[in-house]
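Engineer: Order-wise, the sequence lines are chains P and R. FYI, the numbering for the first sequence is 1 to 483, going by our numbering. FYI, the numbering for the second sequence is 1001 to 1257, going by our numbering.
Please keep in mind that the hints were generated in silico from the structure rather than gathered at the bench. Every residue gets a Cβ at the ideal spot worked out from N, C-alpha and C, and that includes glycine. Hints should not be assumed to be uniformly reliable.
Looking from chain R toward chain P, a few residues come up when the C-beta cut is under 7 Å (computed) [what the hints assert, rightly or not]:
{"id": "1", "residue": "L1056"}
{"id": "2", "residue": "R1084"}
{"id": "3", "residue": "H1092"}
{"id": "4", "residue": "S1099"}
{"id": "5", "residue": "P1117"}
{"id": "6", "residue": "L1119"}
{"id": "7", "residue": "R1122"}
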Amino acid sequence: MSRRFRLPKDRLAALAADWDLLILLSYCVYYLVNYWYRATHFVKPSYQVPFPGYAYGLTVAATFFLAVLWENLGTSIGWKGVGLVLSDGNGHPLGLARRVGHVATDFVSWAVTLLAAALVLAPPAGLATLFYGLASRTGIGLLPSAPFWPLGPWYAVLGQTVGLVAALSVVSAGCWWVARALCRWLWPGRKGQTPWVDRAVGSAVCRPADLESLGRPRRWWQTSWGLMTLLLVAVAVYVGALTTQFSLGTLIRRASSTGYFWRRLVSPDFQYFTAPDPDLGDTLLNGIIQTIFMSLMATLLGVLLAFPLSFLGARNMVTKSRWGWGVYTLVRAFFNVGRSIEPFVMAVFFGVLVGYGAFAGVLALFVHTIAALGKLYSEQIESIDPGPVEAITASGGSRVQVLRFGVMPQIIPPFLAFTLYRWDINVRMATIIGIVGGGGIGRFFNYYKNELLYEKVGAVIIIITVVVWAMDYISGRVRERIT
Amino acid sequence: MAEPQLVIERVTKIYERGDVLALRDVSLTVNKGEFLVLIGLSGSGKSTLLRCINRLIEPTSGRILLNGVDVTQATGAELRRIRRQIGMVFQHFNLVKRSSVLRNVLAGRLGYAPPLPTLVGRFPRTDLDRARQSLETVGLVEKMYTRADQLSGGQQQRVGIARALMQEPELILADEPVSALDPATANSVLQYLEEMNREHGVTVICALHFLSLARRYGTRIIALKDGAVVFEGLPREIDNVRFKEIYGEDAEEVEVR
Chain P
1 MSRRFRLPKD
11 RLAALAADWD
21 LLILLSYCVY
31 YLVNYWYRAT
41 HFVKPSYQVP
51 FPGYAYGLTV
61 AATFFLAVLW
71 ENLGTSIGWK
81 GVGLVLSDGN
91 GHPLGLARRV
101 GHVATDFVSW
111 AVTLLAAALV
121 LAPPAGLATL
131 FYGLASRTGI
141 GLLPSAPFWP
151 LGPWYAVLGQ
161 TVGLVAALSV
171 VSAGCWWVAR
181 ALCRWLWPGR
191 KGQTPWVDRA
201 VGSAVCRPAD
211 LESLGRPRRW
221 WQTSWGLMTL
231 LLVAVAVYVG
241 ALTTQFSLGT
251 LIRRASSTGY
261 FWRRLVSPDF
271 QYFTAPDPDL
281 GDTLLNGIIQ
291 TIFMSLMATL
301 LGVLLAFPLS
311 FLGARNMVTK
321 SRWGWGVYTL
331 VRAFFNVGRS
341 IEPFVMAVFF
351 GVLVGYGAFA
361 GVLALFVHTI
371 AALGKLYSEQ
381 IESIDPGPVE
391 AITASGGSRV
401 QVLRFGVMPQ
411 IIPPFLAFTL
421 YRWDINVRMA
431 TIIGIVGGGG
441 IGRFFNYYKN
451 ELLYEKVGAV
461 IIIITVVVWA
471 MDYISGRVRE
481 RIT
Chain R
1001 MAEPQLVIER
1011 VTKIYERGDV
1021 LALRDVSLTV
1031 NKGEFLVLIG
1041 LSGSGKSTLL
1051 RCINRLIEPT
1061 SGRILLNGVD
1071 VTQATGAELR
1081 RIRRQIGMVF
1091 QHFNLVKRSS
1101 VLRNVLAGRL
1111 GYAPPLPTLV
1121 GRFPRTDLDR
1131 ARQSLETVGL
1141 VEKMYTRADQ
1151 LSGGQQQRVG
1161 IARALMQEPE
1171 LILADEPVSA
1181 LDPATANSVL
1191 QYLEEMNREH
1201 GVTVICALHF
1211 LSLARRYGTR
1221 IIALKDGAVV
1231 FEGLPREIDN
1241 VRFKEIYGED
1251 AEEVEVR
């Protein structure tokens, strides 16, 4: 146990989180530098502060290095989020001084490793330089005379770079391994300690629950994760305001000069509610009815597919074999990807496929509904009481009978509630999916808005609001009764 | 003496997750008509042993013979045929809470009923009569159409027993059937099991927490500790010394009547 890297999955997840945050932060810094430069110098609005290609690599490497050092403090956001603590190996949290020592030791260890790698690589590199130098001066040698590096066309440069990095990595790893062996010999480890820094400092990585005493609790502003979070939020709000061109001044200035728009909007024109609009060839009433039926079709079709799929996407329903796991992962991935593609985007795809109109809208909502409902369903299946399943298995029921008598009675009422909820959301989406060519009332909205017919836009908004509110109210009341 | 009804031979169970040795080399035989009580601390392996008998849990090694048939080798339809002979009563009743009492009781008949009609919820007439009979046995006929979660704990456990009766079992496994009940209800529930045992000759293997209940109902007692059998004998043989062996030095016996 003492020889194993403890909690590897969690520590990698924590490192990834910390690294990501630092990369995000460095992007914000670049954005701000760019912004300030443009604000203080007379340059074109499209001017970008130069950011050469190698700077990307440098940023990635530097942030990784910083993340590793931050992790060694034991109070990084990643560690906090994943639930790891740095203990002294005896069930007590590591004190601040020793935490800093931990970071310093790690810094030294990295420096030593890189230095050792450089030392190992120096003689061959020197020899090579000498060889190339001689060859280029005298014209004798195996290779044609050329500057040392980079040599030749892009693929040669690529090969040389890869070779250099690979050599550095291999030698570094070797040095690291030797140093680790040395550390093991110098400081025989205790349980839960990772080789390397932990052995030197006498610390160990563990869970908060493994600690015997938690020590004096620190307030959030006394920890590095707390301060870092504060910094990130502050920078995010500032950069966010800049990127979204957030401006209260504009809001106030413009608001006072748009009176005509509001006046027209609040005097809605229901002329085409029952009489067909000659330009669109249909009435508003038909539009909203089409919208409601679009949502109904999408929901019903979605349920037909989501229901069987949700069983395959529930961990307690698939077999524990490799196949079962594969199917589960695939279905879950489909649910997650399907939900993250907005119906509006899909409406555009389906518009190309079947022609813009209500059918494209239905298909878009349908695909989204499968994923969204499937996810909700399968989570419901995962949270059922396993007792009845056990009881029916014990009484000799087959798998199908277990599903029918142990699982189904438990999930049907919540499934109905979810379905109603989904229909409610689909009505909401169907009202505006016409804006991207999905048919229904949204088509009217889009047309009137573009033609600047604000009285008619007002009428459409009122119809949408009434229908959405009514659906929301009804589905809410029915769901209350079911669950 | 005839051949024993149930033979457990050197059964070991290791839970892969967490490397827990739940049962170590447990061997025992159970004769027809016995009321065998399993005692032991929480985590001593009582539930695991019971669930190995009807293969709700796969034993890691060892053999279990029911009427000479190897349960551990059975698969598919044969396993289901074995399971339907073994009734099971659970600590938390394991009823479908939203379904009616009748549906819950009928679920016990699934191993016998024709599979296709049951999928649309249809059971043969005879099964419906049988459900009424077993609800009469536990005194709950008038609650037939009530939802299971409307009943009290004792009533729910009686529904659980009625469900086990639907299987016409020759063996009933009871996993701490009264741990979630108050003492008075506990006795009444155990009396139903005793009635099955005495009048219908059904073998009962019952895990219990309270020694007083074990003494009162058991014809034989087996004690487990850390997954191994540490005592096997008649109820009256458990004296104070034995008790401390099973439950540890600090234990005090609690009387439940």
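Engineer: Which constraints among the numbered hints does this structure fail? Numbers only, ascending.
Structural biologist: Those not satisfied are hints 5, 7.
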